[in-house]
Amino acid sequence: MTKARARWLLLGPAGLWYAALLVLPLAVVLVYSLGERAPAGGYAPALTLAQYANLGSRWTAFQNTLVLAPVGTLAALLIAYPLAYFLAVKSNPRWRTALLVLVIVPFWTSILIRSYAWIFLLGGRGIPALLADLGLGDIRLINTPFAVLVGIVYGYLPLMVFPIYVSLERLDKRLLEASSDLGAPPWRSFLQVTLPLSLPGVATGSMLVFILLMGEYLIPQMLGGGKVFFVGNALVDLFLQSRNWAFGSAMAVTLVAVMLVTVTLYMRFLSRIGAARDDVGLM
Amino acid sequence: MRIYALAVYVFLYLPIGIIALFSFSAGRSASQMQGFSTQWYAKALSNPFVIDALKTSATVALISAILASVFGTMAALALSGMKGRVRVLFDALIYIAVMIPGIVIGIATLIALVTVFDAVNPWLEAATGWRLSMGHGSLIAAHVLFTMSLVIIIVRARIEGMDRALIEASSDLGAGPLATFWQVTLPMLAPAIMAGFLLSFTFSFDDFIIAFFVAGSETTLPIYIFSSIRRGVTPEINAIGTMVMGASLMLLVIAQLTLRRGKAPGH
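One line per chain: the protein sequences are R and A, in this order.
Counting in the UniProt record's numbering, the first sequence runs from 1 upward without gaps.
Counting in the UniProt record's numbering, the second sequence runs from 1 upward without gaps.
Bear in mind the hints are in silico, worked out from the structure with no lab data behind them.
Honestly, I wouldn't trust all of these hints.
Claimed, not checked - With the C-beta cut set under 7 Å, the calculated list includes, among others, these residues of chain R facing chain A:
#	residue
1	L10
2	A75
3	S110
Backbone N, C-alpha and C fix where the C-beta goes; we use that ideal spot for every residue, glycine too.
Chain R on its own, in the form it takes in the complex:
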């Protein structure tokens, strides 16, 4: 058996999988997005842009996603950065790995159960009851945009901390010494040395979180209670309840397109401000 043939045999199953379960399904979605809804639900062949023209009827879902995904990403970033900084710079090296693992572990456990925990905490008998006991009156938390944001930050914080930690940890400490030897106060060293050098980590983390948030379904479903609707929730409704495959496909295509455009713009913005892309994996 030649080397080249062995290589094709090794690639065979993966190639088959990508062709049958990635390329074919995505092509089907693209084709269906140009079709029509069959009277009984499902798909009827057609060649029309009518579904795309109709996207406006689900504008709220896009609006919610395009507002809450960036806001959620920003909130996660603001909470994650100081923690990553603490882990990389200030923490005791002996405990560093353990502390980092403690941050990442929740990400690999069920997001369903972690969101459920917040239904519990934000629900009527959770934090609002505690606040009422303190005399803060009747506050509603569950099924609000705030609850969805809490769920987002809770769910994706680990994914933000890790890349920032990696870029801060790689930072050459001698640069900070040089900065302070040249008379810069600590805050100035941070703003002019540490922060710019950690931007690749910030960029990677933000992008990972943002991409996942664009397709989010569970968090708005569970903590937004159908009132804070994302594109993902609209998609579930279109495919599993109203069985409008053509319109749903158009919406899915648009979601992926919006994602690609935003990510490309973001990358271009980053390369303009000089933060090169960093190859930090998921774990």
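Mind docking chain A on chain R? Use the hints.
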């Protein structure tokens, strides 16, 4: 700074901790802690729906993790040191498989498979009396797409960090390519493959959104939990949730330990 870090850790672990705590409540109310008992665990484990869902989830996770590890490792081996169009094509496919939202993968797989099944079934039924339908098979197929890509990324990183001198030494000492593979390459890759396997299992076991679309009439554990939560919060769900989290945590610890051992010098 320390206090801040502590606060974030509390934020990360308190909600999970509360669920775990309340799962041991002796009372019927999910939101009040009354006494201590393990009755909700007993109740969950004697609920036939829970057991069925658990079996489905475990079977699907095991099979898809095995397939993902085998196919992913094979692909990673073939792609290492490869250049040209095929390499670029596979890199793009891996990237797309990891980056496209799970919900889109779920939808796309659902409508593609339903379309293919509808086309094939009349013919297949006439020939064999069998019909294709959504279920275990479609779940495994969809999970393997994502987890296989994960395994390729992890194993390839390991191959790139591998000491080539050992492979050359092995062949200089007269070992054939197959012997070198079994005795040198595979043992060196084992920790990465194992970590990939465990992460794949965890992903498949915890996945809700893809399963929601492609599971057909099967109920996985996350789907069962999701539909129970819709009916209200109960101590039984707290118990199931705690068990699921516990299982994932255990697998993660094992994954971390295997990867760590693989990275230790001289091993």
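May I ask which of the numbered hints given earlier this structure violates, with the numbers listed in increasing order? Hint 2 contradicted; others consistent.
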